[in-house]
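Trainee: Sequence:
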Amino acid sequence: MAPPQRRRVFRLGSWRFQVSPRLKDAAMTCATTVADTMIYVIGPILICFAMVIAGCLTYTFFYVMLPMMKKSWNESPYWPLVMSMHVSYVLFILTNVLFNYFLCVMTSNKGLVYERVVREIADATGFQYPETLEEVAQCKQDFEDRMILRMERRRARRVAADEASSSNSNQTTTAVPSVAATSGNNMTQRRGGGTAAPTTSPTAPAPRGWMLMGATEWGFCRYSNQPKPPRSHYDHVTKTLVLNMDHFCPWMFNTIGYLNYRYFVNFLIYVCIGMLYGATLSVRSFLSMSFRPKAVSAVWRPQRGDETAVAFSFMLCLSVGLAVACLGGFHLYLLLTAQTTIEFHGNYSNRRRAKQHGSTWKNPYDLGWKQNWRQVYGSQHW
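Residues in the sequence shown are numbered consecutively from 1258, following the working numbering.
A portion of the hints provided could be inaccurate.
Below are the DSSO-like pairs computed for lysine-lysine, each with C-alpha atoms no more than 27 Å apart in a straight line [said to hold, decoys possible]:
{"hint": "1", "residue 1": "K1397", "residue 2": "K1367"}
{"hint": "2", "residue 1": "K1496", "residue 2": "K1397"}
{"hint": "3", "residue 1": "K1367", "residue 2": "K1496"}
Since the hints were derived computationally from the structure, they do not count as laboratory data.
Start from the sequences, fold in the hints, and give me the full structure.
Mentor: Put into structure tokens, the structure is as follows:
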């Protein structure tokens, strides 16, 4: 017979609330569903907002900054070459930003391409992919049995470790009793007439199911009711099982995974380069109308109707450029170390747990930065 589930107690000042596990689970499920729905609904709005930002910055370059650049280089015989180089550079960056953004948004994490890649992974890992409903049910049962066995073994090791630490602490306390412990026990006996309750060490949070699996071991997704390839996770926003899932990006209105990760990284790189170029190009005009107007040539001072566009473009390029630079640097680190954002947190927990036991943890998917780069971009085309 299963032990009864304990009610969780919340305190708010002098008020105490007891919440049953069923009510807590229902509230968490409702909150998660509402959050996922809001994230999914806001996606098209963010895509339209991103297009408006790109259009505003393009307008500012061609109709505000480019005429000022032409006046600055008007007396030089090389001004046509300089203008054409700037225009070509901006068009190159803009084309790559839009191209990678479009592919990142439109690339689906399911369908024929997904099925083909999954079958290739099954052949490479020696996994017999189930074809019938009976084989799918058997695959699910085998996975659940393995997880139950591993969780029981982990719980047994945890109990043994707690008992060992408790026995050591009891021996130490018996050998050299402290004044605080003695007075505390006496106070407890005087108040309640009984002995003090033994203290137990806090239990560490249980790891995720995928953290208990091997590097090439297949699982089973109970949400999509299909075999779960290594490094794949179920996305609750798009209701899809995603290979090498990194995260769901509202700006992309899509989940970033194996099939569109290189487009996402390319998008971050080109956005960062373009934003830093825009901030460098407009900084003189921004300073001329704010902090140091006399230190900047009159050629770079915007006209009265263009001041808002210049100020908006400079502040937007600087802030977005720095933010995207941090995000892009993090994803380049993940790319070169063969990790996803989900695996980054899992590997951090594994390294910390291994350090507590006096050992080291190595990412099983890390094959060196060159091979990790090829896993995303391939060996021929970037």
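Trainee: Hint by hint, note whether the structure agrees.
Mentor: Hint check:
1. K1397 / K1367: The hint holds at about 21 Å.
2. K1496 / K1397: 19 Å, holds
3. K1367 / K1496: Given pair K1367, K1496 holds - Cα atoms ~11 Å apart, limit 27 Å.
Violation of the numbered hints given earlier is absent; every hint is satisfied by the structure.
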